[in-house]
Amino acid sequence: METCQTSWPLFFKFHYRLAAYCSYYKEQSLGHISLLLYFSFGRIKMLWFQGNSMQLAKHSFQLLLRNLSASKTALPVLTLFTKDPCPLCDEAKEVLGPYKNRFILQEVDITLPENSAWYDRYKFDIPVFHLNGQFLMMHRVNISKLEKQLQKLEQQGARG
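Quick note on our numbering: the sequence shown kicks off at -18 and runs consecutively.
Think of the hints as simulated: they come from the structure by calculation, not from any bench. Fair warning: this is a prediction, and the values are worked out from it, not measured in the lab. Among the hints, a few may not be true.
Simulated crosslink set (DSS-like; lysine-lysine; CA at most 25 Å straight-line) [as the list claims (entries may be wrong)]:
| # | residue 1 | residue 2 |
| --- | --- | --- |
| 1 | K64 | K104 |
| 2 | K64 | K133 |
| 3 | K81 | K126 |
Make the full structure from the sequences, and use the hints.
What follows is the structure in structure tokens.
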């Protein structure tokens, strides 16, 4: 497999280190193009398209679609710092249900080794929410606060 002359790496930066690395490869023997997407979101996740076949490694297809749609719609990212089990987090996700089309929900498991800084900060306070990287609320969902911040971001987005 060799890289095409027109190939180029592309990095799309999303919130919290979500990045996509796209590279086009031309296979000499078959003469067709494959697309490799590399997603880094705390763990390595890869999606490889070749012709009509698709291989998916360490990534849920639903999350991939949400992340790709985020790049097109510029929805804000609501980060939920959580762990398993977390009944208050489950309750919070239910409360957020009616708003799910207005943001991308990103869950960060604070018990994973790569999230130890968040564990040290929030181990006694989950659920904790950040909106576009800024602290928003903790312990329970404050709908009025969420609504106010979402409207503010939507107005900023409408202005350009």
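Against the structure, the hints come out as follows:
The hinted pair formed by K64 and K104 meets the criterion: a straight-line CA distance of about 9 Å does not exceed 25 Å. At roughly 29 Å between alpha-carbon atoms, K64 and K133 are farther apart than 25 Å, so this suggested pair is violated. Note on K81 and K126: the hinted pairing holds, with a Cα-Cα distance of about 15 Å set against a maximum of 25 Å.
Checked against the numbered hints above, the structure breaks only hint 2 and satisfies the rest.
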